[in-house]
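There are 2 protein chains.
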Amino acid sequence: MNGQDAFRALPVGRCVTVRKTVGESDVYLFAGITGDLSPNHVDEEYMKTTTYGRRIAHGALLVGLMSHASTKVITDLPGTIVSYGYDRVRFPAACFIGDTVTVTYEITGRDEAAMKTFARVTCTTQRGDVVAAATHILKVVE
Amino acid sequence: MNGQDAFRALPVGRCVTVRKTVGESDVYLFAGITGDLSPNHVDEEYMKTTTYGRRIAHGALLVGLMSHASTKVITDLPGTIVSYGYDRVRFPAACFIGDTVTVTYEITGRDEAAMKTFARVTCTTQRGDVVAAATHILKVVE
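Heads up: the protein sequence lines correspond to chains A and B, in order.
Residues 1267 to 1408, numbered by this note's numbering, are exactly what the first sequence covers, in order.
Residues 1267 to 1408, numbered by this note's numbering, are exactly what the second sequence covers, in order.
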């Protein structure tokens, strides 16, 4: 009954945070891994001509930081738990290279029959800007 | 009217693909960037004891490949176009290290007033398994 034990350890209200300064190396390695070399992320001179003024991190990189937070919430739980998906991922403001992002991950709902949890996840900068937000779904698979 | 020109160049039905073999180095660098060192991704011996049998790629890495496809669809268009977000991101099957993933990105809808496009995005392996699917939203910002 490992899975049941794990699911019980994920009540509504459980909350974790992770925090990281998004460095140029993060954005550049992310561009290389994914192949997303949009000028938005890797062309400082181009970005100076836009309303942003400088390079911004990939939204999908912020989803990766959310993934870190979801792993933290299940650390040391028994059984196998996987990321089922994300609903309504939004990037309301730009995350610039050098911004320090705090990810807050809070369980807000549970589907007992399917052994799924739903969490509100937000990424907030040192300026207080929410640069990414989503609902994340974890599923206990055994 | 750069933005209007860009928006006109993104009709319903426009489709691009990108393809990559997801290497161990991709998964390991992604783990380092995001801090998500879940055993699901970096512990082969643990994964042998699960129903998966071996290490799987981060779902958020597949979202990064979707981001590459979204950048490809807007390459060389004028104006500034950003990723507004994703709806209903799902990971229906496991993507293993060594799998070759084809990302198909097809524009399926447009919001003329908001200058947004909606695209169906799928990541499919050489086995034909859909390992990630989502709706992606692009927004022309100028």
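Since the hints were derived computationally from the structure, they do not count as laboratory data.
Since we're looking at a predicted model, the values are computed, not measured.
Among the hints, erroneous ones may be present.
Since the list gives no way to pick one copy over another, a pair counts as held whenever it fits inside one copy or between any two copies.
Said to hold, decoys possible - Below are the BS3-like pairs computed for lysine-lysine, each with C-alpha atoms no more than 27 Å apart in a straight line:
hint : residue 1 : residue 2
1    : LYS1405   : LYS1314
2    : LYS1382   : LYS1314
3    : LYS1314   : LYS1338
4    : LYS1382   : LYS1338
Now the hints, each set against the structure:
no.: 1; hint: LYS1405 x LYS1314; verdict: between (43 Å within a copy, 19 Å between copies)
no.: 2; hint: LYS1382 x LYS1314; verdict: between (44 Å within a copy, 23 Å between copies)
no.: 3; hint: LYS1314 x LYS1338; verdict: between (37 Å within a copy, 22 Å between copies)
no.: 4; hint: LYS1382 x LYS1338; verdict: within (16 Å within a copy, 34 Å between copies)
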